[in-house]
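*Asks:* Sequence:
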Amino acid sequence: MTISAIRKKLKTYVDGVDDKKVKALYTLLQDEIEDSDGFSLSEEHLRILDKEHALHLSGQTKSYSWEDAKEIIRYNPLLAKL
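1 is the number of the first residue of the sequence shown in my numbering; add one for each residue after it.
Calculated from the structure, these hints are not laboratory results. Where hints are given, some of them may not hold.
Unchecked claim - Derived DEER-like restraints, expressed as beta-carbon distance ranges:
(1) Lys9 x Lys62: 39 to 49 Å
(2) Ser42 x Tyr64: 24 to 34 Å
(3) Glu43 x Ser63: 22 to 32 Å
Unchecked claim - In silico DSS-like cross-links for lysine-lysine, where the CA-CA straight-line distance does not exceed 25 Å:
(4) Lys51 x Lys62
(5) Lys20 x Lys8
(6) Lys23 x Lys8
(7) Lys23 x Lys11
(8) Lys23 x Lys9
(9) Lys21 x Lys8
(10) Lys70 x Lys51
(11) Lys21 x Lys11
(12) Lys21 x Lys9
(13) Lys20 x Lys9
Built from N, CA and C at the ideal position, the CB exists for glycine as well.
Working from the sequences, and respecting the hints, build out all of it.
*Replies:* Laid out in structure tokens, this is it:
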């Protein structure tokens, strides 16, 4: 079963389960929920990043240091407005 399918099943379960079980699940995961910044990537975004990472490691794409990237953005009028 894919992670996406598991997430859907869990969401469906939590939506229909009694309050006592919802509270128990929350208590079990409370520390992780409260420490989370709310940011997560979809499976599609993770696949894109994995693909780009593989291309980078194989030398098929060019990469830039943070300093180089800032210079490129700073001196490109279209990017500087973003």
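*Asks:* Is the hinted pair Lys23 and Lys9 satisfied, with a Cα-Cα distance of at most 25 Å?
*Replies:* At roughly 18 Å apart (the allowed maximum being 25 Å), Lys9 and Lys23 satisfy the hint.
*Asks:* Quickly compare the C-alpha distance for Lys70 and Lys51 to 25 Å and report which way the hint goes.
*Replies:* 24 Å, holds
*Asks:* What's the verdict on Lys20 and Lys8, does the C-alpha distance respect the 25 Å limit or exceed it?
*Replies:* Distance ~21 Å between Lys20 and Lys8 Cα, so the pair holds.
*Asks:* What's the verdict on Lys21 and Lys11, does the C-alpha distance respect the 25 Å limit or exceed it?
*Replies:* 13 Å, holds
*Asks:* Regarding the pair Lys21 and Lys8, is the alpha-carbon distance no greater than 25 Å?
*Replies:* Within the cut-off at roughly 18 Å; holds.
*Asks:* Please check whether Glu43 and Ser63 have a Cβ separation lying inside 22 to 32 Å.
*Replies:* 24 Å, holds
*Asks:* Go ahead and decide if the range 24 to 34 Å is satisfied by the Cβ distance of Ser42 to Tyr64.
*Replies:* Between Ser42 and Tyr64, where Cβ atoms are some 25 Å apart, the hint holds.
*Asks:* Would the hint linking Lys23 and Lys8 be met if the CA-CA limit is 25 Å?
*Replies:* OK: Lys23 and Lys8 at ~19 Å, within 25 Å.
*Asks:* Does Lys9 lie within 25 Å of Lys21 when you go C-alpha to C-alpha?
*Replies:* Distance of about 15 Å is within 25 Å: holds.
*Asks:* Okay, Lys9 versus Lys62 on CB: inside 39 to 49 Å?
*Replies:* 42 Å, holds
*Asks:* Need the status of pair Lys51, Lys62: alpha-carbon distance at most 25 Å?
*Replies:* 14 Å, holds
*Asks:* Can the restraint linking Lys23 and Lys11 be considered satisfied, given a maximum Cα separation of 25 Å?
*Replies:* 14 Å, holds
Against the hints set out earlier in the document, no violation occurs for any number.
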